[in-house]
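Visitor: Here is how the chains run, residue by residue.
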Amino acid sequence: MTTSSKTGKTSRATRTRSGTRTSPNQADMMADPRRHLLDLDDLDALEIEGLLNSAEGMLEIAGRDVRKTPALRGKTIITLFYENSTRTRVSFEQAGKILGADVINVAASTSSLSKGESLLNTVKTLEAMQIDALVVRHPHSGAPYFIANHTDASVVNAGDGTHAHPTQSLLDLFTVRKHLGDLAGKRIAIVGDILYSRVARSDIIAFQKMGAEVVVSCPNTLLPDEWQPGSILGQQTGFENLEIARNVDEAVEGADVVMALRIQQERQEAGHLPSLREYSDRWGINSRRMAMAHDGALLMHPGPMNEGVEIASDVAHGVQSVIEEQVRSGVAVRMAVLYALCARSRSARNGAGTEN
Amino acid sequence: MTDRKIDACSVIVATGHARICDLDPCQHGKDFFVPVNRPVIGRASVANEIDKVVLTGDDIRRALTRISHEILEQNRAARDLVLVGLHTRGVHLAKRLGDNIEKFEGFAPAVGSLDPRLWRDDPDKALDQPLQPSEIPTEVTDRPVVIVDDVLYTGRTVRAAMEALLDFGRAKRIQLAVLVDRGHRELPIRPDYVGKNIPTAHGERVQVRITEIDGEDAVLLGRER
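Quick mapping for you: the protein sequence lines, in order, are chains A and B.
Counting from 761, one number per residue, gives the positions in the first sequence under the working numbering.
Counting from 65, one number per residue, gives the positions in the second sequence under the working numbering.
The hints are simulated quantities; they were obtained by calculation from the structure and are not laboratory data.
Each hint should be verified, as a subset may be incorrect.
Stated by the list, open to error - Cut-off 25 Å, straight-line C-alpha distance, at most; resulting in silico cross-link-like pairs (DSS-like, lysine-lysine):
| no. | chain 1 | residue 1 | chain 2 | residue 2 |
| --- | --- | --- | --- | --- |
| 1 | A | K969 | A | K938 |
| 2 | B | K260 | B | K159 |
| 3 | B | K189 | A | K857 |
| 4 | A | K828 | B | K260 |
| 5 | A | K875 | A | K828 |
| 6 | B | K260 | B | K116 |
| 7 | A | K828 | B | K236 |
| 8 | A | K969 | A | K828 |
| 9 | B | K167 | B | K260 |
What the hints assert, rightly or not - Some but not every residue of chain A turned toward chain B, in silico, with C-beta under 10 Å:
| no. | residue |
| --- | --- |
| 10 | A805 |
| 11 | E809 |
| 12 | L811 |
| 13 | D825 |
| 14 | K828 |
| 15 | L832 |
| 16 | A1030 |
| 17 | L1033 |
| 18 | L1036 |
Even glycine gets a Cβ: it sits at the ideal position worked out from N, Cα and C.
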């Protein structure tokens, strides 16, 4: 229902081949709907905005006494997690269930995956069960792309290696937008493990697409080799206009949002950091550093937090912290994503040969 | 937006919309410009050259006044009334009915909004526009509820709205007020309050324009594009 007009036949009659997408700038961008969400780099600001707007409505539904809609009734969503996760998996499960879908959780540790079944065979097995969406987390970058090439279901990337975590970035955008309104011109400081963080990569892309200025800061050992502190990246890096601060103070100075990233303790063996204590002292976000940020700046963290390492307990639970709100936003944003991908019937989504 | 050039001879009617000139022979030149610098929301708010005005702003005002009185007549417990407008234009119509009732009776009924698209039987349609947050400002259990929408057509939106509304509580009674009933029901649903019955063909489209969104009040009837 775009407008008040109630017309006889559906206005969206044309649908080209599935899988491919026309440019959003072309007149009828709804003609060929998106099937997977693998990364944010191929979404434009308009499409992101649409998902965020839709999430506003979803947030209201998720806050009702009766949290249930029949929108995805009869659809099956499988969460396939090859890495441990609490909030992302539960959030997807809750999102699917509020929308009325059946959600089945598959964790690597409790399934045939631990018997050595290949990723492809696992996907083929699940596929045979007539699923509508597959939410995938995998330790190897690109795994969701591989899966998307071998299934008719919609694939949602719930984090792949060091590559991308698109729904996390959408919920970060959603949370910031709720507090600060338009993101254009806002300064976003991302502090922490830039080298390994898929959240950092997705957030840089997401915030830049919405017109914000992004500055990152971390120990040199956790920066990609070619990134120099005190510089602004050029086009060839793929992260145009990304500012690399010399130190944390420079990054948080005047920031509207401070995003602390988790120091992944499991990567400590690689010897990137002398000690957690030194990291906490030189790069941790504390009340002194938050005071340097803009008045009313938001403190965010994608979780799970190592309190006392990358973030001090008092600020993590202080008035500027929106960390719990990020979790709440996560359900709404994932509802919007699942709905956008799965609302169509399976035959309509798979397109070719089923047009009448 | 710049002015739009219309090939056929056109005249501009009071609402700012163009229609085919019915003078024969035509008194106007070929190159006639129609101002379309109004807010454009969605496809339907771009005026069609052949749209016919079926309700003017005054007609709409009178219809809403009458419906307000009828709602008061039919509901003894008017103070308990909850008016629920369906997104997008129904919400503003519900507000106007609420304002009218406040003017006539001196108390303001509760006015809420509802986006029932997730309850529809054709979920694809809900994808065109982002979902809107619904807001029911009060408990609906044991209170009379009036669902307000702009156009009643197949009845499917209203069915979805009734189902969505049930999640908020067990209303004492659910009634339906619409500005335009264009017929062609596909479900056993009938309105309790109607602004105007407009018999239409399937291929026609009824376009409700209201000041809050479109910058003017009018109901237009045109051909589907």
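Visitor: Would you mind marking each hint as holding or not holding in the structure?
Guide: Hint-by-hint comparison with the structure:
For the proposed pair K969/A and K938/A, the alpha carbon gap of about 17 Å is at most 25 Å, so the pair holds. Distance hint between K260/B and K159/B is fulfilled; the C-alpha atoms sit about 19 Å from each other, no more than 25 Å. Only pairs whose Cα atoms come within 25 Å are accepted, and K189/B paired with K857/A is accepted, the gap being roughly 21 Å. The hinted pair formed by K828/A and K260/B fails the criterion: a straight-line CA distance of about 35 Å is larger than 25 Å.
Pair hint K875/A plus K828/A does not hold up; C-alpha atoms about 37 Å apart against a cutoff of 25 Å. At most 25 Å may separate the alpha-carbon atoms for a hinted pair to count; K260/B and K116/B meet this at roughly 15 Å. A distance of roughly 22 Å separates the Cα atoms of K828/A and K236/B; the hinted pair therefore holds under the 25 Å criterion. For the hint pairing K969/A with K828/A, the CA-to-CA distance comes to about 33 Å; that exceeds 25 Å, so the pair is violated.
Distance check on the hinted pair: K167/B and K260/B sit about 23 Å apart at the alpha-carbon level, within 25 Å; holds. About 14 Å separates the beta-carbon of A805/A from the nearest beta-carbon of chain B, more than 10 Å, and the hint is not met. A hinted interface residue such as E809/A counts as satisfied when its beta carbon comes closer than 10 Å to some beta carbon of chain B; here the least separation is about 8 Å, so the hint holds. With its C-beta approaching chain B no nearer than about 8 Å, L811/A sits inside the 10 Å limit, and its interface hint holds.
For D825/A, the interface hint holds, since its Cβ comes within 10 Å of a Cβ in chain B; the closest pair sits about 8 Å apart. Checking K828/A against chain B: minimum C-beta separation of about 7 Å stays under 10 Å; hint holds. Because the closest C-beta pair between L832/A and chain B is about 8 Å apart, less than 10 Å, the hint holds. Violation of the interface hint for A1030/A is found here, the shortest Cβ-Cβ separation to chain B being roughly 43 Å, above the 10 Å cut-off.
Against a cut-off of 10 Å between C-beta atoms, the interface hint on L1033/A is violated, since the closest Cβ of chain B lies about 43 Å away. Because the smallest distance between the Cβ of L1036/A and any Cβ of chain B comes to about 42 Å, over 10 Å, the interface hint for this residue is violated.
Taken one by one, the earlier hints fail for this structure at numbers 4, 5, 8, 10, 16, 17 and 18, listed in ascending order.
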